[in-house]
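Can you build the whole structure from these sequences, using the hints too?
Heads up: the protein sequence lines correspond to chains B and S, in order.
Residues in the first sequence are numbered consecutively from 1, following the numbering used here.
Residues in the second sequence are numbered consecutively from 1001, following the numbering used here.
Since the hints were derived computationally from the structure, they do not count as laboratory data.
Each hint should be verified, as a subset may be incorrect.
[As the list claims (entries may be wrong)] One-sided and incomplete, this derived list gives chain B residues near chain S with beta-carbon spacing under 7 Å: (1) T43; (2) S48; (3) C103; (4) P105.
[To be verified] In silico lysine-lysine, DSBU-like type, Cα no more than 30 Å apart, as pairs: (5) B:K145 to S:K1427; (6) B:K128 to S:K1693; (7) S:K1008 to B:K153; (8) S:K1427 to B:K132; (9) S:K1645 to B:K145; (10) B:K145 to S:K1701; (11) S:K1179 to S:K1143; (12) S:K1114 to B:K67; (13) S:K1645 to B:K128; (14) S:K1683 to B:K132; (15) S:K1711 to B:K153; (16) S:K1114 to B:K132; (17) S:K1711 to B:K128; (18) S:K1693 to B:K132.
Glycine included, C-beta positions come from ideal geometry on N, C-alpha and C.
What follows is the residue order along each chain.
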Amino acid sequence: MRVLNFTVNGTPRTVHLEEGRVMLASVLRDSLGLTGTKVGCGTGQCGSCTVVMDGKAVTSCTVPAEKAEGTSVLTIESLAEGGVLHPIQQAFVEAGAIQCGFCTPGIVMRLYALFTQNPDADDETIMKELDKHLCRCTGYENIVKAAHLAQEKLRAAR
Amino acid sequence: MTLQHVGKSVPRVDAVRKATGEAVFVADIVLPRMLHAKVLRAGVPHAKILSIDTSKAEAMPGVKKVVTGQGCGMLFGTCLWDQPPLAVDKVRHAGEPVAVVLAETGNQAAAALKEIAVEYKKLPFVLDPVEAAAPGAPLIHEKNGEYRRVEYSVHPIPGSNVFHHYKLRKGNEQEGFAKADVTVEDEFEFPLSSQAPLEPHGAICRFGTDGDIEIWASNQAPFVLRDVLADMFGIPATKVRVHIPYLGGGFGGKSDVSIEPMVAYAASFVPGYAVKLVLTRGEVISGALIGRGMKGRMRIGAKLDGTFTALKAEMYFADGAYGDTGWPVDTVAGHNCTGPYEFPNAIVDVYGVYTNSPIVGAYRGYGHPEGQFMSSRLIDMLARKLDMTPAEIMRKNFLCEGRKNALGQTIKKSNGDLFGCLDAVEKALAEEPLPPNDERYVYGRGIASMMKSPKMAANAASCCHVQVNADGSAFVNLAGIEMGQGVHTVFAQMAAEALELPFEKVRIYFDVDTQYSPWEWQTVASMQTYRGGRAIQDACRALVEKAKKTAATAWNCAPGMVAYREGVCVHPNTGATLSLGTLARGFMAANGLTVGEPLAATGWYRVPEITEPDPETGMGNAAGSWTFGAQGCALRVDRQTGEVKILHFASAFDVGRAVNPAATRGQVTGGVVQGMGAALMEKILFTDDGAAKNVTFPAYKIPRLHDAPEKQTVVLLETPNEEGPWSAKPMAEHPIVAVAPTILNALRDATGVEFTAIPVTPERILEALKTRKEDK
Ligand code: FES
Ligand code: FES
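Right, here's the structure in full:
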């Protein structure tokens, strides 16, 4: 049986992989019970499964489990560790950017990667990152607002 | 008293759990002894099943059972019982389930699928609804007309593929058109499309050894699902328990039932095990419910001053392989295709047609966008013929006090203010002048007005239980499904208002469970704020009465003398108070002696006096509510690429009262973008072999951020009315209704091209620009 060793939300993990193609999304959700990561398409198009792998946002439904070997992965569950919302999450709540909420964790994780790497990302960069996600509910207006609000909050906290 | 909660943009009650990923959706649920299901789908659109060999698959590692429809005599439905849970002797669309593999893991189930051998005898297939309705078309259901059905409402034409014919006969066609000075007429197409909720459908079902069924499903209609399963298995409804977690969007695609009967049927073969199925994105289109699929023709006659004299329309719906979820769409499309205008004569025929395509069900605003697409485009054409503006024609004919809609119902002032909506949209658009056309871009503007008057089951109702705790907090229990629209938040606002309690003291039950949730018809037709809100008011009123009664007993005075405010009963003379909390379990004196009932109450609401449309005239008191609105946009077309950019999209709706204005705006911005997807990008295509082709993202393209309008204006009018709770009207599906004609009217303005079919893709625009000689 194949074994995957990697770090998830700061904790080293060993996961036995079943036969056949296993994607990171499934390891996180099915093996580790981290169901905050959502699967909307399974083909890398909707972004709802986005997690942060070695500092970069990836769609976990398209990352073969083996590719995660030795990496450090952050999921949505890591952000509010300790019971306090991360400023990005707080921004989504305040901006009314959440309707059904299925797209939310993925978008939050992408912005987390972006603002960690590039806290002063300009509008165009933010838009380009958000454009990798699908949301069927909001029409995006409040998601854009939330992204800007998140950036402000993070700046203020610096 | 001024409102404390209703009308405030409070943050959503489910926002934190959704921001943290803690909100549970069906795919997140894991049960003990759970098997994973994968579905073998036909792959051919119309064929006889000659044989199915599952022996190899059954021997694969991890496989517990392979279930087929062989020998299954069940048909399920709510008004038309025409569908088996799995294909039995023939398949009627390429996505139809033929076998379900149950295995320990999803991968094992998927591997075993490939080992199932099915032999088919292919039959001629038909996808186009007009062709399918014509004589000589391949017959998809030999038994059309013989199936059990609700005869007053569903009208099949036996020997054909037409399983439902809705006809509207208001006035007289000849006389109406004889009075017309001008007519406009055209053919239209509103293609099959996907509701595309971001969460794929899922269900987990477990048959107990005692014969009880328990199911967790991404479904908007738990009680419908419960009753369908009970009926299908011939057991009492009490033996079926339905749980609904959060839904990752529904838009109608999760209403009624879709995949659940199949999952339950498969689970019935493995009692004691839970069977879980979560669809792939491709299956959401090929194997659940899709929407729209209308081809039609409409003619409008008008006087020289723009007054309408008559409307004649014919619509054919490609409702797919089975008809139970399609027929109400057809009926609604029929009596709503007039749009929000009075036509003294309206003759409409709608045909719900079996086609060899995935099954059509509800999709946001069902029937309204399809039908009003035609009338709204024709009004634009008529305006040019009459040398008037479209807005002038609209104002001439708007439904308003004293006028009659297509169903023959007389409109009241309180039904809403179309004039105000149109004024607001025109004003918003006028604030930004269109840039002049240049080398690269042409610009245009368009408007359309809309109405939505949904058809519901005539007995559709919402029920509500309220229970007060000893600390004075209150549980409010009703079965409106939270699928993103914000219903739990709005319920909490209304309950807090009705009980005069702080918002934090009111809690809406988050999980819907048919074992303890009060009955609710289903969460469709934007009715929860309206109908659920009235049920909340009713229950809270009863609860306050109970509290007053107990207080009166405690004080030994008449209950009518007790006042209630802000969670407290007040003695009329002494000013003494008893809070809801102290009365929660009855009033207890110092020595423990307790009087009065525990504080719990029930309430309900049904839109009064609804009837099904008359089978002959299609008229009657079938619409239980109206919401009126208008939309307009300014857009730009790139002459070189054919790409369309919406610069400004303005919407105005008379919502009676916005219970949560921020949430209402969210419904509008989202609905507009979804409608824009329909107008410009979305259409389910089929291969030459008759299978749905573009079923995954991005082949099925829905709008991304860069596609969205640069700016949206949302105006909410609040015409007081008696019907809604605190005057609130239905408002959720509405923003999608007029988007396609609004955009196509603007495209006509920009390019001079009359598009009558959507989506208008860049390729079609380039093609049209090429064949058109001079630009305007
Ligand atoms: S689920 Fe991974 S991108 Fe859609
Ligand atoms: S909030 Fe539903 S998909 Fe984005």
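Results for each hint:
1. T43: Check passed: Cβ of B:T43 comes within 6 Å of chain S, closer than 7 Å.
2. S48: holds, 6 Å
3. C103: Holds, about 5 Å.
4. P105: Nearest chain S Cβ about 4 Å off; hint holds.
5. B:K145 to S:K1427: holds, 25 Å
6. B:K128 to S:K1693: Within the cut-off at roughly 29 Å; holds.
7. S:K1008 to B:K153: Given that 30 Å is the threshold and the Cα spacing comes to 24 Å, the pair holds.
8. S:K1427 to B:K132: violated, 35 Å
9. S:K1645 to B:K145: Holds: S:K1645 and B:K145 sit about 20 Å apart, inside 30 Å.
10. B:K145 to S:K1701: holds, 24 Å
11. S:K1179 to S:K1143: violated, 44 Å
12. S:K1114 to B:K67: Since the Cα atoms of S:K1114 and B:K67 sit roughly 27 Å apart, the hinted pair holds (cutoff 30 Å).
13. S:K1645 to B:K128: Status holds; Cα separation ~17 Å.
14. S:K1683 to B:K132: holds, 21 Å
15. S:K1711 to B:K153: With a Cα-Cα distance of about 24 Å, the restraint between S:K1711 and B:K153 holds, given a limit of 30 Å.
16. S:K1114 to B:K132: violated, 33 Å
17. S:K1711 to B:K128: holds, 18 Å
18. S:K1693 to B:K132: At roughly 23 Å apart (the allowed maximum being 30 Å), B:K132 and S:K1693 satisfy the hint.
Hint violations for this structure: numbers 8, 11 and 16, all remaining hints satisfied.
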